[in-house]
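**Student:** Single-letter residue listing:
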Amino acid sequence: MISVTDTLDLSLYARPVGNGTLGMELAVEDIACGGCIVRIENAVKSLPGVTAARLNFTNRRLHVAWTEGSLTPAQILQALEASGYHAHPFVPLRAEQEEAAEARRLTRCLAVAGFAAMNIMLLSVSVWSGNVTDITPETRDFFHWASALIALPAAAYAGRPFFTAAWRALQSRRLSMEVPISLGVILALGMSLVETANHAEHAYFDSAIMLLFFLLVGRTLDHAMRRKTRAIAGNLAALRADTAHRFIGVELVSVPVAALKPDDRLLIKPGERVPADGVVVGGVSEVDESLITGETASRMISPGATIYAGSLNYSGALTVKVTAAGGAALIDEIENLLEKAANAKSRTMRLADRASRIYAPVVHLTAALTLAGWLIAGANVHDAVVTAIAVLIITCPCALALAIPAVQVVASGALFRANVILNAGDAIERLAEIDTIVFDKTGTLTLPEPCVVNAAMLDPDLLQKAARLALSSRHPLAVALSREAAVRSPFADAFEEPGQGVRALIDSVEARLGSAEFCNVAHSPDAPTPAGRSAAVSYIYFSQCGRTLSIAISQKLRPDAVEVITALTRHGFDTRMLSGDRDEAVEPVARALGITRWQGRLKPADKISCIEALKASGRRVLMVGDGLNDAPALAAAVASLSPISAADVTQAHADTVFLGERLTPVLDSVLISRRARALMKENLWLAVIYNAVAVPIAIAGAVTPLIAALAMSGSSLLVTLNALRVGRRVQ
Amino acid sequence: MNVLVYLVPLALGLGLAGLSAFLWALKSGQYNDVDGAALRVLSNDDLE
Chain A
1 MISVTDTLDL SLYARPVGNG TLGMELAVED IACGGCIVRI ENAVKSLPGV
51 TAARLNFTNR RLHVAWTEGS LTPAQILQAL EASGYHAHPF VPLRAEQEEA
101 AEARRLTRCL AVAGFAAMNI MLLSVSVWSG NVTDITPETR DFFHWASALI
151 ALPAAAYAGR PFFTAAWRAL QSRRLSMEVP ISLGVILALG MSLVETANHA
201 EHAYFDSAIM LLFFLLVGRT LDHAMRRKTR AIAGNLAALR ADTAHRFIGV
251 ELVSVPVAAL KPDDRLLIKP GERVPADGVV VGGVSEVDES LITGETASRM
301 ISPGATIYAG SLNYSGALTV KVTAAGGAAL IDEIENLLEK AANAKSRTMR
351 LADRASRIYA PVVHLTAALT LAGWLIAGAN VHDAVVTAIA VLIITCPCAL
401 ALAIPAVQVV ASGALFRANV ILNAGDAIER LAEIDTIVFD KTGTLTLPEP
451 CVVNAAMLDP DLLQKAARLA LSSRHPLAVA LSREAAVRSP FADAFEEPGQ
501 GVRALIDSVE ARLGSAEFCN VAHSPDAPTP AGRSAAVSYI YFSQCGRTLS
551 IAISQKLRPD AVEVITALTR HGFDTRMLSG DRDEAVEPVA RALGITRWQG
601 RLKPADKISC IEALKASGRR VLMVGDGLND APALAAAVAS LSPISAADVT
651 QAHADTVFLG ERLTPVLDSV LISRRARALM KENLWLAVIY NAVAVPIAIA
701 GAVTPLIAAL AMSGSSLLVT LNALRVGRRV Q
Chain B
1 MNVLVYLVPL ALGLGLAGLS AFLWALKSGQ YNDVDGAALR VLSNDDLE
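So the sequence lines, in the order shown, correspond to chains A and B.
Here the working numbering is used: the first residue of the first sequence is 1, the next is one more, and so on.
Here the working numbering is used: the first residue of the second sequence is 1, the next is one more, and so on.
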């Protein structure tokens with residue numbers, strides 16, 4: 001989190017927006033209700049020099065503009081902080097703006113197609129009912145010409161996304177789904193024009209435009225889902241962006257991590273996370289590298305040692321020279337992550353693309369055969385051409401184009417409600433395939449932060465005193481202990497002896513919290529610790545006039561870990577654990593969870609080879625992990641999940657990210673994905689059945705525009721309604 | 001049936017007016033924050 005204490009330099013985020021004003025985008029946390037909109041905007045607008053403040057409630061982002069030189073960006077954060085909101089500045093990604101432009105383009109096309117479809121249908125219904133009653137040929141021609149007048153410009157505008165894609169496909173000598181679509185639309189319009197000129201009874205303007213409309217609905221839905229995912233991912237990245245204390249000469253300035261460059265010298269205080277990879281040039285400390293290696297015991301660090309971004313500094317202040325520009329690497333990773341999310345078209349879509357490589361020739365062949373068949377059977381050229389074009393229109397993959405996006409949109413909504421956010425577009429289908437789940441231990445099965453594990457065995461009164469005293473220290477053990485405190489205000493005169501502990505007068509008797517020596521407690525190896533605890537246990541001691549506490553602090557299992565693992569086993573999943581931690585730390589966790597197949601002491605490469613071995617034996621592996629050491633394994637597995645507390649790089653490689661303390665999202669995401677895939681398949685089958693029924697009718701030459709309209713909208717409606725079933729509560 | 005000659009274009013014109021209104025709303029960013037717009041209407045800060 002960005003602390004608004006010392007000199008904070010956020011100029012990186014301020015961008016000129018013209019007329020001597022600067023603008024900045026902020027992601028705001030904890031916006032609950034409509035009242036927040038006004039409070040937040042007023043808090044910022046009351047600052048002198050602010051010209052605009054607009055909160056977007058949908059994506060939780062605030063845009064602020066101010067006159068250059070009138071205030072510093074840090075003041076805006078301070079104002080928000082004062083009214084109780086945490087805000088995190090970020091630079092909007094270029095890709096995000098391009099996506100927004102594309103979304104507007106698609107919506108415009110959709111609007112035009114919708115307008116045209118409604119008006120043409122109005123005219124068409126009149127013609128259809130007129131054809132069976134008493135319409136005069138003149139009126140019918142008038143209606144057909146009016147339809148043509150609407151349809152031709154509308155198709156030229158709304159069909160562009162398909163025409164350009166088809167043209168590109170043809171240029172690279174491929175056949176994509178867009179080719180038969182474009183061909184169908186253009187031929188249908190052309191034929192209808194000729195028919196209208198010849199005063200015929202039927203014209204197919206309505207079919208062509210309705211086809212475009214339904215296809216655009218599918219496209220727009222799909223695009224909206226991916227944009228939403230991208231916005232959430234962007235906000236999460238902003239929330240995670242940290243500040244670093246950089247030396248400028250001898251002075252310290254807080255800068256966003258994104259502004260760090262190689263060779264910058266940083267100060268890392270006790271209790272802080274290391275913001276970038278670097279080499280220690282001064283100071284001695286212990287660091288917790290569990291986020292990087294999975295190892296829960298801390299490591300001693302002295303000048304010359306290399307440390308990695310994400311490690312937690314325990315005891316002493318360190319001066320570090322940056323080697324890899326952490327910020328740049330971080331932004332690259334986010335870019336890549338989002339790039340990947342955008343480009344990964346769902347595999348069934350790719351499957352549908354592949355299918356269209358078979359499908360498109362079949363459609364074209366069927367139409368050609370129909371034409372030839374009717375000519376041989378002695379029909380005149382006009383009738384044969386009309387029938388062939390009807391085949392092209394009726395086979396156009398209306399239902400097929402909606403079958404998958406509709407399910408994906410509903411499924412990603414259901415996943416979001418289950419606290420799961422999709423990183424990769426095709427994650428749903430890959431999650432649905434898996435049969436083996438490999439868990440990392442530290443931070444995945446256990447909670448990311450350590451906590452007090454022997455609270456039940458301690459005097460609650462003394463524990464409360466200790467916890468409240470712990471509020472005065474930033475040492476990680478004290479931070480863990482302070483979460484137990486019921487009263488959230490620290491003691492007034494608490495004094496911290498660096499590296500030793502905190503002391504304060506409680507009820508005018510001195511109390512001490514810290515190391516065994518500091519509290520004058522003999523460390524007893526048989527101090528009460530509950531059995532079966534996972535990781536290395538650290539102790540913090542408390543003493544007050546002869547009464548002492550040995551408080552054990554350790555990694556704790558996620559609250560519902562046992563239930564989730566049991567449920568996964570009941571659903572037939574093979575659950576395993578691969579950890580980088582020592583065997584004696586891994587074994588108790590495995591026993592507590594009932595996981596029989598586990599391995600400890602694994603290096604990242606070992607994890608990959610374990611997963612490759614599983615894959616080679618025909619397993620479809622889901623990897624769940626949070627450490628930097630898990631990142632390659634996540635990439636190697638068929639599908640991957642990360643908790644939101646994971647290292648940046650790791651999250652970038654995960655298909656999905658889950659929020660919160662609980663492990664249930666793992667179970668939910670697999671079950672929802674399975675259901676979604678089942679429905680996608682059902683929808684594809686519905687589309688196939690539709691074709692099996694409609695194509696023979698078309699080949700027989702019996703398709704009137706009325707039948708085409710009913711068949712197309714009916715099948716589209718059916719697959720969309722079917723897709724809505726994903727959202728139902730998963731049992 | 002001659003009435004159709006001007007009624008149909010009239011209907012079309014009305015439809016086009018609706019379409020251009022939607023396109024204008026889209027262009028002026030009124031669909032950028034759909035959830036927020038629903039809540040802003042409830043705030044009373046314009047009365048203060």
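Worth flagging that the hints you see were computed from the coordinates, not collected in a lab.
Be aware that a few hints might be false.
Not everything, but these chain A residues come out facing chain B in the computed CB check (under 7 Å) [what the hints assert, rightly or not]:
no.: 1; residue: GLY34
no.: 2; residue: PHE57
no.: 3; residue: ALA103
no.: 4; residue: THR107
no.: 5; residue: ALA111
no.: 6; residue: PHE115
no.: 7; residue: GLN464
Selected chain B positions facing chain A (Cβ under 7 Å, derived; list incomplete) [unchecked claim]:
no.: 8; residue: VAL8
no.: 9; residue: GLY13
no.: 10; residue: GLY15
no.: 11; residue: SER20
no.: 12; residue: LEU39
With a straight-line Cα cutoff of 20 Å, these simulated SDA-like cross-link-like pairs (lysine to any residue) come out [as the list claims (entries may be wrong)]:
no.: 13; chain 1: A; residue 1: LYS321; chain 2: A; residue 2: ARG299
no.: 14; chain 1: A; residue 1: LYS228; chain 2: B; residue 2: ASN2
no.: 15; chain 1: A; residue 1: LYS261; chain 2: A; residue 2: MET300
no.: 16; chain 1: B; residue 1: LYS27; chain 2: A; residue 2: GLU98
no.: 17; chain 1: A; residue 1: LYS228; chain 2: B; residue 2: LEU14
no.: 18; chain 1: B; residue 1: LYS27; chain 2: A; residue 2: GLY114
no.: 19; chain 1: A; residue 1: LYS45; chain 2: B; residue 2: LYS27
no.: 20; chain 1: A; residue 1: LYS228; chain 2: A; residue 2: ILE31
no.: 21; chain 1: A; residue 1: LYS228; chain 2: B; residue 2: LEU19
no.: 22; chain 1: A; residue 1: LYS228; chain 2: B; residue 2: ASN32
no.: 23; chain 1: A; residue 1: LYS45; chain 2: A; residue 2: LEU10
no.: 24; chain 1: B; residue 1: LYS27; chain 2: A; residue 2: PRO73
no.: 25; chain 1: B; residue 1: LYS27; chain 2: A; residue 2: ALA100
no.: 26; chain 1: A; residue 1: LYS321; chain 2: A; residue 2: MET300
no.: 27; chain 1: B; residue 1: LYS27; chain 2: A; residue 2: GLU99
no.: 28; chain 1: A; residue 1: LYS228; chain 2: B; residue 2: TYR6
no.: 29; chain 1: A; residue 1: LYS269; chain 2: A; residue 2: GLY499
This one's a predicted model, so the numbers in the text were calculated from it and none came from an experiment.
Even glycine gets a Cβ: it sits at the ideal position worked out from N, Cα and C.
**Student:** Quick one: which hint numbers does this structure break? Sort them smallest to largest.
**Tutor:** 3, 7, 9, 11, 14, 15, 17, 19, 21, 24 and 28
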